[in-house]
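Whenever a hint applies, use it, and build me the whole structure from the sequences.
Here is what each chain is made of, one letter per residue.
2 protein chains.
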Amino acid sequence: MTDISPVLDHLDRSIGESLERLFGLLAIPSISTDPAFAAEVRRAADWLAEDLRSIGFEASVRDTTGHPMVVAHHPGEGPHVLFYGHYDVQPVDPLPLWENDPFRPEIKEIAPGRKVITGRGASDDKGQLMTFIEACRAYKAVHGKLPCRISILLEGEEESGSSSLKPFLEENASELKADFALVCDTSMWDAETPAICVGLRGLVGEEVTVKAANRDLHSGSYGGAAANPIRILAKVLADLHDENGRVTIPGFYEGVEETPPEVLKSWEALGRSAEMLLGPIGLAHPAGEKGRSVLELVWARPTAEVNGIHGGYTGEGFKTVIPAEASAKVSFRLVHKQDPDKIRDAFRAFVRERIPADCSVEFAPHGGSPAIQLSYDSPLVKTAQAALSQEWPKPAVTTAMGGSIPVVGDFQKLLGMESLLVGFGLADDRIHSPNEKYELSSFHKGQRSWARILAALADEGR
Amino acid sequence: MTDISPVLDHLDRSIGESLERLFGLLAIPSISTDPAFAAEVRRAADWLAEDLRSIGFEASVRDTTGHPMVVAHHPGEGPHVLFYGHYDVQPVDPLPLWENDPFRPEIKEIAPGRKVITGRGASDDKGQLMTFIEACRAYKAVHGKLPCRISILLEGEEESGSSSLKPFLEENASELKADFALVCDTSMWDAETPAICVGLRGLVGEEVTVKAANRDLHSGSYGGAAANPIRILAKVLADLHDENGRVTIPGFYEGVEETPPEVLKSWEALGRSAEMLLGPIGLAHPAGEKGRSVLELVWARPTAEVNGIHGGYTGEGFKTVIPAEASAKVSFRLVHKQDPDKIRDAFRAFVRERIPADCSVEFAPHGGSPAIQLSYDSPLVKTAQAALSQEWPKPAVTTAMGGSIPVVGDFQKLLGMESLLVGFGLADDRIHSPNEKYELSSFHKGQRSWARILAALADEGR
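Chains as they are written, first to last, in the numbering used here: chain P, 6 to 467; chain E, 6 to 467.
Read the hints as simulated data drawn from the structure, not as lab findings. Any given hint might turn out to be false.
For chains that are exact copies, the list does not tell them apart, and a pair is met inside one copy or across any two.
In silico DSSO-like pairs for lysine-lysine, Cα to Cα no more than 30 Å straight-line [what the hints assert, rightly or not]: (1) Lys120 with Lys171; (2) Lys240 with Lys145; (3) Lys113 with Lys240; (4) Lys295 with Lys324; (5) Lys418 with Lys342; (6) Lys216 with Lys295; (7) Lys240 with Lys324; (8) Lys418 with Lys324; (9) Lys295 with Lys120; (10) Lys113 with Lys418; (11) Lys347 with Lys324; (12) Lys324 with Lys216; (13) Lys113 with Lys399; (14) Lys270 with Lys240; (15) Lys216 with Lys347; (16) Lys240 with Lys216; (17) Lys120 with Lys342; (18) Lys240 with Lys295; (19) Lys342 with Lys324; (20) Lys347 with Lys120; (21) Lys324 with Lys120; (22) Lys347 with Lys240; (23) Lys171 with Lys324; (24) Lys270 with Lys150; (25) Lys120 with Lys182; (26) Lys270 with Lys324.
Remember, it's a predicted structure, so these values are computed and weren't measured experimentally.
Structure, rendered in structure tokens:
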């Protein structure tokens, strides 16, 4: 067994220095979406490569067609892990809403005994990625080596579309492929309960355009005789769900698995009621499949949603037009083994069946990615869960996410590598908003958590 | 019996002079919607008042909050009729598409023996209103008097919303009230068949906004748990019709009458197939209530149509949002005795019933007017039908219109006066478009038609 007590002690003693380093990184305005900050993005990459070298990593800043990637390697025994984080940040506007300069981080005591680190990127994702680097640094300082063989990939385009990520992974697949990835860009369940995200829903997007007459018509002259594409589209969209909230597309639930009863029970134990999830957004009633909890609906059930619809006259006042066409953006969240291509085909067939003889329909695809689902009782998850549970007041829970983290799918697809998603953000960190913060406890206990996880992985891998 | 042969002869002989007068009026760019042409609109009003005075009318140009009205009176025996037309015209853009200057009218022979008058307003409505004035002029020239007591109301805002019309009718009700109105702003059935329009559908407009969450939501985080207002709206709109195309709102068909079999037969005899009506707009299949002809659907059946819909993200690409709200503009075409207020209330109740507990709906009314329906066998219609049938190659038919002509409703509501709708436009007159034209035969035989109708009305009224 790896003795981690001296590593944890070292992390406790050096919290001041680790904060100084984080502040140095947070002070760099690495806003990736704004070309005016391109040099700052590169400066952050250089800063990280230099810091990793100081720990003993072989680190380099690699050019892409966009912002650079930081790649670092450190030898070690046991499993080979690839850590992923991103060093770019969101823009800061509206600036007047910030209580402090977003790039002059501070420590603030926001309640007795509760301190937070303020600044853009404090939580998303600079504070999070530094928890891992600090854990590595402490290991080296105490033991002179790392508990595993560790590679690190830090992206500079996560907040601006990750356009270079896929090509970079493809071109450097053999260098980056590890036994599994550690991704630190998610949240805890609450301030006392760490979480491992084991499921991410997939996504299929489709734009549907229904066309009828060859031009817009006057509803007086033609109403009652001419097909109205808005009505046809509305009927198609209304048909997508039955009265129990289930999606009616034939074959839609192929590959959807029932969540194991013990997992459902653990989610129930989290005590997140429909009121708690929906209350803050002004709702009260779960709107999906009947008889399932809100967490199951969002984490483990597929959906069909209309994200946008447009047709006819939508300006001020009224225009009695029967439009020539109407369109909708429809997306499906996928779970488990649902196949994006099959879902897309089934949806298109479903729509075509409902288009009257003298109308037509056109489709435009918008992305398609399968769900990511780790087994709830995989050894990787169990190991991390046990390690996290030693650090925090409450045992670690396994959760899922209703959305997707594209890099996880890319790791799976391009590098054949599963990811372990562990992060220490909190729901109120205001990422992407003014006054972003990261709990000091997240930063400190996050470092300790990674130290424990790395040790446990090393022990498992032996 | 009034002897109209000399009047008709006079009209034939003076066609050159009447064309010169029409060209004078057409040369005035009385575009009512563009404030830059306000003085020209007034010039057209002055021109008409002066011309009417030359015939012996007591004519005046009356100021309104918008463009002026021309009001003229001429004493006479028999029934008192109010003639309505409008002297303002549509804008001319896109100007490059005009083959001739829109305000330099010309006579063109577009096929052997077929001459047309070109220019903005030639058909809509200057050419049409002058057919009536020329008929009056000829009567005076031949008989020294008019066959009826005639008032004339010429509007200058018909193409720009008629905002002054209602207040003007209200303020001058006793002056303008006649036994019935003659409205010359409609079309013939075809070049050989005159038409009397006996039905105009009414209109109720409603904007519906469905609201769910208090902000736009990420469809990953909330999809499956949160209500989607686009889906709710789509369901409401899809529910509006049953599989036979009938509107499902309770009470919707209250006041709708079945069209008499002999009228349906006369419409069938017009030979306008679904293919003929729908083919030019790229359609083939009547989309309304099953088992009814396209003419019946458009002329004598009520409708529910969606004229516009909007919700969520509708720009380029995709945004996986569940929007906070979605809205649609819905309108109903009414027939016979359907009550606009009842329809509006019934629709709102229908929608409210379908809004889930934690969502809300808001309505904004947009106009409401009942249908106008003359009895198919009213003496007024029969008289005009007989008179027109003497003039044209084929007997006059009674038709209806799917749209509405607001002034007809205003005459009915504010002055308690029915209207006889007779016009000589053709479907291909390109009103509101470049290269507007009016058939020379419409202008000439239109004058003769009014002479016959006035004589017949005088004979009936005796």
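Results of checking the hints against the structure:
1. Taking the shortest Cα distances, Lys120 and Lys171 never come within 30 Å of each other, neither inside one copy (38 Å) nor across copies (69 Å).
2. For a Cα distance limit of 30 Å, the shortest separation of Lys240 from Lys145 qualifies neither inside one copy, at 63 Å, nor across copies, at 62 Å.
3. Proximity of Lys113 to Lys240 under the C-alpha cut-off of 30 Å is found in neither arrangement, the shortest distances being 54 Å within a copy and 50 Å between copies.
4. For the homomeric pair Lys295 and Lys324, the shortest alpha-carbon distance between copies (26 Å) is at most 30 Å, but the shortest distance inside one copy (39 Å) is not.
5. Taking the closest pair of Cα atoms, Lys418 and Lys342 come within 30 Å of each other only inside a single copy of the chain (14 Å); across copies the shortest separation is 66 Å, beyond that limit.
6. For the homomeric pair Lys216 and Lys295, the shortest alpha-carbon distance between copies (21 Å) is at most 30 Å, but the shortest distance inside one copy (34 Å) is not.
7. In the homo-oligomer, the alpha carbons of Lys240 and Lys324 lie at most 30 Å apart both inside one protomer (22 Å) and across protomers (23 Å), since each shortest distance falls under that limit.
8. For the identical chains of this complex, Lys418 and Lys324 are inter-copy neighbours only, at 24 Å across copies versus 50 Å inside a copy, given an alpha-carbon limit of 30 Å.
9. Taking CA atoms no more than 30 Å apart as the test, Lys295 paired with Lys120 passes in neither setting, with 42 Å inside one copy and 71 Å between copies.
10. For the identical chains of this complex, Lys113 and Lys418 are neighbours neither inside a copy (42 Å) nor across copies (72 Å), given an alpha-carbon limit of 30 Å.
11. Taking identical chains as interchangeable, the C-alpha atoms of Lys347 and Lys324 lie at most 30 Å apart only when they sit on different chains, with a minimum of 22 Å there against 40 Å within one chain.
12. In this homomeric assembly, Lys324 and Lys216 come within 30 Å of each other (Cα to Cα) both inside a single copy, at 19 Å, and across copies, at 23 Å.
13. In this homomeric assembly, Lys113 and Lys399 come within 30 Å of each other (Cα to Cα) only inside a single copy, at 25 Å, whereas the closest approach across copies is 92 Å.
14. Taking the shortest alpha-carbon separations for Lys270 and Lys240, neither the intra-copy value of 38 Å nor the inter-copy value of 34 Å comes in at or below 30 Å.
15. Proximity of Lys216 to Lys347 under the C-alpha cut-off of 30 Å is restricted to the intra-copy arrangement: shortest distance 25 Å within a copy versus 33 Å between copies.
16. Taking the shortest alpha-carbon separations for Lys240 and Lys216, both the intra-copy value of 14 Å and the inter-copy value of 20 Å come in at or below 30 Å.
17. In this homomeric assembly, Lys120 and Lys342 never come within 30 Å of each other (Cα to Cα): the closest approach is 42 Å inside a single copy and 72 Å across copies.
18. Taking the closest pair of Cα atoms, Lys240 and Lys295 come within 30 Å of each other both inside a single copy (22 Å) and across two copies (18 Å).
19. Taking the closest pair of Cα atoms, Lys342 and Lys324 come within 30 Å of each other only across two copies (24 Å); inside a single copy the shortest separation is 46 Å, beyond that limit.
20. Taking identical chains as interchangeable, the C-alpha atoms of Lys347 and Lys120 are never at most 30 Å apart, the minima being 49 Å within one chain and 62 Å between chains.
21. In the homo-oligomer, the alpha carbons of Lys324 and Lys120 never lie at most 30 Å apart, since the shortest distance is 57 Å inside one protomer and 35 Å across protomers.
22. With identical chains, the CA atoms of Lys347 and Lys240 are at most 30 Å apart both within one copy (22 Å) and between copies (26 Å).
23. Taking the closest pair of Cα atoms, Lys171 and Lys324 come within 30 Å of each other only across two copies (21 Å); inside a single copy the shortest separation is 47 Å, beyond that limit.
24. Taking the closest pair of Cα atoms, Lys270 and Lys150 never come within 30 Å of each other, the shortest separation being 41 Å inside a single copy and 97 Å across copies.
25. Within a single copy, Lys120 and Lys182 get their C-alpha atoms no closer than 38 Å, and across copies no closer than 82 Å, so neither meets the 30 Å cut-off.
26. Taking the shortest Cα distances, Lys270 and Lys324 never come within 30 Å of each other, neither inside one copy (54 Å) nor across copies (33 Å).
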